[in-house]
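Given only the sequences and the hints, what does the whole structure look like? Please build it.
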Amino acid sequence: MAGMQSIREGLTGNITKLIVIAIVITFVGSIGWAGFFSQGNANIIAKIGSKQITNVDLGFEASSQQFQLSQRFPNQQIEEDVLIEVSIESLIRKFGILNFIEDNDLYLPDSFVLKELAKNEQFQENGRFSRQIFDSFARSNGFIPQDYLNRIKQDLTLEFWRLSLLKSSFLSEEEAQRSLILTEQERDISFIRVPLNNFSKELKVSEDLLLSFYNDNMEEYFTESQARVNYITLSAKDLETSIVIDESDIETEYQIYIDEFDRTERKSVSHIMLNIDSNRTKQEAIKILENTKKRLSKGEVFDSLVLEISDDEGTRDSGGSLGVTDGTLLPTEFEEALLSMVEGEVFGPIELNSSVHLIKLTEKEIPTPKPLELMQAQIEENLASEAALDAYGELLDIASDLVFTMGSLEAISEELSSKSIDSGLFSFSEASDELNNPSILDIIFDTNSENNLIELIEISDQSSILIERTDFQAERLIDLNSIKEEVTKDYKLMTTKNLANDFVNKTLTELNAGEDFKKIAKNTNSELESYKGLKRDSSLLTSEAIVNIFNLPRSKVGNSYDSSVLINGDHVIYRLDSVKNNETQTDSEIQKGFFDFLSEERALAEYSELLFAVQENSEVTRNN
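Positions 0 to 623 (numbering that gives the first Met the number 0) are the ones given, in order, by the sequence shown.
Take these hints with a grain of salt, some might be off.
What the hints assert, rightly or not - Derived EDC-like pairs (lysine to aspartate or glutamate); straight-line CA-CA distance at most 20 Å: (1) 555 <-> 576; (2) 518 <-> 576; (3) 200 <-> 489; (4) 517 <-> 561.
As the list claims (entries may be wrong) - Quick list of simulated restraints, FRET-style, between CB atoms: (5) 246 <-> 367: 20 to 26 Å; (6) 124 <-> 146: 20 to 26 Å; (7) 438 <-> 501: 19 to 25 Å; (8) 307 <-> 353: 18 to 24 Å; (9) 353 <-> 258: 16 to 22 Å; (10) 542 <-> 310: 24 to 30 Å; (11) 49 <-> 224: 24 to 30 Å; (12) 49 <-> 254: 46 to 52 Å.
No lab work stands behind these hints: they were computed from the structure. In this text, a Cβ means the ideal position worked out from N, Cα and C, and glycines have one as well.
Have a look at this one:
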């Protein structure tokens with residue numbers, strides 16, 4: 000636990016506040032995805048170690064990835080299947096790290112997470128954190144409050160780890176200079192293009208070849224299992240509309256609210272902070288702040304002096320704001336000084352362990368309770384929700400009894416006055432929103448389960464489903480004659496790719512054995528092309544091809560060959576002809592920018608290595 004403590008100490012409260020805000024923004028932005036991958040549809044996508052990744056997790060991650068990609072590429076449309084795949088890979092790495100954190104007891108404590116949440120105004124009422132507002136926010140967007148709190152806890156812990164590891168990376172100026180020279184390096188190449196369609200023009204297809212290909216790839220040509228069910232959904236939410244709340248109950252709840260209302264005085268506080276370190280002694284810091292107080296007395300503006308003097312980067316742009324305190328949230332030294340201060344007063348210097356501060360009391364406020372007319376709708380909603388939960392519990396008991404006493408779902412439907420729904424035949428991947436839940440689908444597609452058995456499945460503490468499977472059709476192999484066109488297409492594509500790969504490998508072998516490149520080009524009716532001054536950011540070929548070209552050893556210039564596949568499936572075979580280093584004097588600002596860029600890239604690379612290392616040591620199972 001000591002390692003986690005050091006991480007916390009390396010990050011300011013203001014950074015964690017920003018992290019919490021970012022998570023909230025991600026949550027709000029994910030509603031579109033989370034609505035598709037809703038809580039009730041928590042289908043398992045993959046498992047890594049002891050953790051399950053659901054499509055709810057995917058909804059959050061896809062939203063986050065979509066936002067990040069839109070910032071980097073604002074004018075590009077990201078394909079949904081690509082976005083989903085990127086998000087799944089990201090989640091596998093994230094959950095691998097979470098397993099490591101959990102196994103080593105490195106999670107941030109709940110008390111710390113709640114303290115950070117308290118700094119977010121979105122969850123405050125009268126300047127204080129309100130669990131009711133937080134819970135209401137989570138529920139209004141379709142999530143269980145505790146699940147959402149756990150998600151914030153996970154993300155905060157991961158962010159602490161990430162920032163700590165990124166800050167620990169080191170890059171020397173000599174390394175940066177060498178990398179700059181390599182980055183600016185230019186290479187000359189010769190190359191030929193090998194079109195994929197060259198190998199499909201005379202491709203022969205026979206019945207025997209198709210049958211053989213079909214038999215070898217039989218797993219690709221099975222139908223999915225299909226099922227048909229009747230079902231009835233039961234939920235507390237559906238019962239709320241029938242709940243009638245008495246005015247006397249509303250008045251009673253309002254009186255409880257008045258009696259329990261916290262009228263503790265709230266104080267908005269700002270500060271100017273100077274660090275005590277190897278560059279500045281405590282006495283020097285105190286002297287600077289005493290001089291700052293003199294400048295304030297002469298009419299200079301506190302916010303301007305914050306920008307000029309304060310070492311707290313997290314609060315510098317907000318006038319040094321530390322937020323609102325109820326007398327318990329700030330350091331004891333601050334709270335004691337605030338007791339005798341008036342609005343607008345500046346006090347200090349105040350010495351802490353490694354810093355010296357001036358604090359300003361910017362505002363005082365004594366919270367007052369809201370009048371009944373503003374609270375009535377919320378109180379009525381809360382009471383209706385509580386009553387609906389009670390009614391739902393009774394309904395669940397009745398439904399459970401009916402499963403054992405009634406012979407059909409139709410009879411139960413009549414008894415409950417609830418309409419049953421016929422799903423029609425559907426596959427696992429085609430399940431409707433109401434049925435797309437692991438607990439439900441496991442029963443529906445259980446090959447050992449009998450038809451016409453009635454099951455009561457609890458989805459959450461507020462919803463359940465009565466379900467009766469009426470038909471089941473196991474997966475089956477599709478007859479070749481039914482899909483001959485599809486199989487023919489698959490055969491041609493695979494055979495063409497294999498022929499192209501064989502040709503390229505044979506050609507590379509000949510070239511490496513000393514065969515003339517021009518002769519190869521002539522024999523294959525290809526044009527030997529050349530390109531001079533190729534750089535790493537060139538768009539001449541694919542990024543993969545560019546990387547491969549710059550990985551060719553310069554010691555074998557004129558006799559170093561390789562190949563790459565282009566986006567359209569064509570191949571390109573190339574030779575390294577010359578290498579040129581541009582060692583011209585670079586502008587100091589450019590050098591600094593490059594150094595910063597490389598430092599960040601190295602840090603990210605080291606962090607990525609950790610992620611992949613954890614993933615490699617974890618058992619990963621993906622559900623297609």
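Find the hints from earlier in the document that the structure breaks and name them by number, from lowest to highest. Numbers 7, 9, 10, in rising order.
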